[in-house]
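Number of protein chains: 2
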Amino acid sequence: MSKVITSRSEDYSKWYIDIVKQANLADNSAVRGCMVIKPYGFAIWENMKSQLDQMFKDTGHVNAYFPLFIPKSFLSREAEHVEGFAKECAVVTHHRLMNAPDGSGVVVDPSARLEEELIVRPTSETIIWHTYKDWIKSYRDLPLLVNQWANVVRWELRTRLFLRTAEFLWQEGHTAHATREEAIEEAKQMQRVYAQFAEEYMAMPVIQGAKTANERFAGAEDTLTIEALMQDGKALQAGTSHFLGQNFAKAFDVKYLNENNKEEYVWATSWGVSTRLMGGLIMTHSDDQGLVIPPKLAPTQVVIVPIPKPGAEIDEAADKVMKALKANGITVQYDTDKKKRPGFKFAEHEMRGIPVRVGIGKRDLEKGVVEIARRDTGEKVQVPLDGSADYIAKLLDDIQKNLFDKAVKFREEKTTSVDNFDDFKDVISQDIPGFISAHWDGTSETELKIKELTKATIRCIPNDAEEEAGSCVFSGKPSSKRVLFAKAY
Amino acid sequence: MSKVITSRSEDYSKWYIDIVKQANLADNSAVRGCMVIKPYGFAIWENMKSQLDQMFKDTGHVNAYFPLFIPKSFLSREAEHVEGFAKECAVVTHHRLMNAPDGSGVVVDPSARLEEELIVRPTSETIIWHTYKDWIKSYRDLPLLVNQWANVVRWELRTRLFLRTAEFLWQEGHTAHATREEAIEEAKQMQRVYAQFAEEYMAMPVIQGAKTANERFAGAEDTLTIEALMQDGKALQAGTSHFLGQNFAKAFDVKYLNENNKEEYVWATSWGVSTRLMGGLIMTHSDDQGLVIPPKLAPTQVVIVPIPKPGAEIDEAADKVMKALKANGITVQYDTDKKKRPGFKFAEHEMRGIPVRVGIGKRDLEKGVVEIARRDTGEKVQVPLDGSADYIAKLLDDIQKNLFDKAVKFREEKTTSVDNFDDFKDVISQDIPGFISAHWDGTSETELKIKELTKATIRCIPNDAEEEAGSCVFSGKPSSKRVLFAKAY
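Listed in order, the protein sequences are those of chains A and B.
If you count by the working numbering, then the first sequence holds residues 1 to 489, one letter each, in order.
If you count by the working numbering, then the second sequence holds residues 1 to 489, one letter each, in order.
Since the hints were made in silico from the structure, they are not lab data.
Heads up, a few of these hints could be off.
Restricting the straight-line Cα-Cα distance to at most 30 Å, the calculated cross-link-like pairs of lysine-lysine (DSS-like) are [what the hints assert, rightly or not]:
1. B/Lys326 / A/Lys49
2. A/Lys320 / B/Lys57
3. B/Lys137 / A/Lys340
4. A/Lys326 / B/Lys296
Note that the structure is predicted; figures quoted are calculated from it, not measured.
Sequences are here, hints too, so could you generate the full structure?
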């Protein structure tokens, strides 16, 4: 394969973009900041989506669909919410084009100005809570557990494929509850669901915690997060789950009659993950040879390459292996392209991150064996043709586990407990800084000062942070637990 | 159930809206012309989508995702295309809001005007063909068989839930081919796929045919369609598949090197079905008691109602039936709500269109039987508890077939062969006019004149229209085959 990717050590950002482009995952489009998700990238996203969707349904949620557009006045109803999103939204002002009077082309028809501008949804709390006012009358209508798969637009200035794009795909759950406690438990449950998905399917270990007030979602009382560590030692916020209190219920006047026939405001959560997860997937596992995909999310889990090319005997052996794999629910592709040499194909499938490659050669077949290569470690072994499918099934599990273990090990190595600000600055200025576990005095002032000085932010207050008397790494003031700092995407 | 729906004979349009609202399928939103698809409606759409998606994949297509926004200049590249869509598109002109200087609220920030306006996609040919220029270099890159599931916006003035909305959900296939013949065959194949889906899953019989030049998609050389007949005798265009010739390839300069190393323009198709299918589904089968859903698309195929309420014996019997049904892949719900009487539940499940209802009562159980009611005919039978699951499995097949047969019979009864314009006017002015099969002279002039006089349009020139010498029903000029007229949605 003639395509070469920049190594991580040489230029991590370029390495990332090289992988996205050369593994045919996505590309920039003609519209600033908007991406095209290519078929191979979309197939991985579809696998993520279908697994997440099942997990949402298993926890009692249903899907629905709300309008793309939000009346401008809705955004303003919740004060912090509009503050958070007004600066980066796409505004629809007209509903018609016309031929320019001077024949110069097509222009906006000035007579087709909308009475009220429409915002392309950056998130749907406002339009959904406006709708919930009609749906919720009594305690019998609660809880309301709704999810939406949709595209959203946030007019970001600096964009990067998958990680930060003007338009992205996501899901947004919006639930309504009778009590504060139930809503808080829902927000926690969805954090757990996200963590489970990240770890079991993406093989991406995450820290579950709460955001500081500074880093909360605009309109939330509490934002729970899952934070992953990328190979360059920067953190990625991979999913968030918000306890919204009664903020949106009050902004949109959504009340219910409780069992005692008394009117009360409804309690809310919202939670979302997006195509940003694709960025996390890539940056957690991939290497200088290309993409690495955990078997549970790989569109093609096994590729069979005939060596040097297809032929009756090899085809027969390949067919046997394929049948056995498919019977096991494993996706397999037989690469019969006669115009490419095996070495070229190897590099190509490595670039695409296919977890297992099976080489079937004539000479090997005479000995009754095939060659099996795993993408994660590059190891190759010869395995008897008979029984190779069982070997592969087990190998896929091993790869899934190995990728997760490797990522956990990396995170452990790159998590540093720090007790003074000089050490903090030392660690954060390293090539691969990682997480810093340190005491913090709980003030936004300190948090912002540290960010200003080091670019590190508090990623979260971990759910499992132990009570520990200490003093703030910056101010020296007393602190009762450590929080997690990092530079972040 | 206190909700009552208007009967079809009283007011068909109101009946339709009543069903959509009272079966909880969809509702109007705060944004003019945009709908909220409610969880139950969305569950039906999800079933349609997942079946269609499988059929697209089985015919070699892959999914991808392209930007929501289209630069204004792109629309203008294909002359007919811009003509077709310019008058009804949502235009994004700004990318930021700000606080009004006078404190009156949030306003569009005039300094954040986009250099070039962006159109919210009404369909994606232009942005996709702009992208294909990068993807297609040689004959090896062809055919390119891509589909996208997306939301699109067409600023319609008169909207109706599902049938015509400003925003709707759809899929749009966009394929690129080396030869004219291959592209034409692709367009035909997708028409067949749509017809198969409509008939086998929606139980909605369709006529496959070609549109006249007048009714073609803006930018197409040929538009193939599937046309269904609704219960009010109006036609519904349920899906279209376009042969685009080289129009978009030329507009976006997409050429490939053929096997002889010669540059040629690429040939194209596009094809789509939308949430409009939900309207077709409703109007084909539903009745004055509410929604009727064909079993293959019903989110819940069977509901079990305990009579008069749950209890140990009934629960045990219900559990037995549920286990047997689930083992057969049948979706079942046990309605254990103690606050509603059985009669109320019956009406509710009828409204929701659940294909089969099983009533389990104490007295019946003593006789070892349960009562099974089918939604399509309302018939009830007593069936032994043992073996009831097998009975239901067969019954679901019967219902699916019966709904289709009934719709075919209705269409046959409401298709009239007409040979002079007086008869044409008689038939088209009936309460339930249906399809008119008549000779046409092939001119747009006649077509438009007939439309002006009767509101009937040529729905299609059926694929299976027989060669038959005749004279045009309007002009008397010679014609070689009959075409299909109808009033339409």
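Each hint tested on the structure:
Proximity of B/Lys326 to A/Lys49 is assessed by CA-CA distance (about 25 Å); at most 30 Å being required, the pair is judged to hold. Restraint check for A/Lys320 and B/Lys57: the C-alpha separation of about 24 Å stays at or below 30 Å, so the hint holds. The hinted pair formed by B/Lys137 and A/Lys340 meets the criterion: a straight-line CA distance of about 18 Å does not exceed 30 Å. Note on A/Lys326 and B/Lys296: the hinted pairing holds, with a Cα-Cα distance of about 26 Å set against a maximum of 30 Å.
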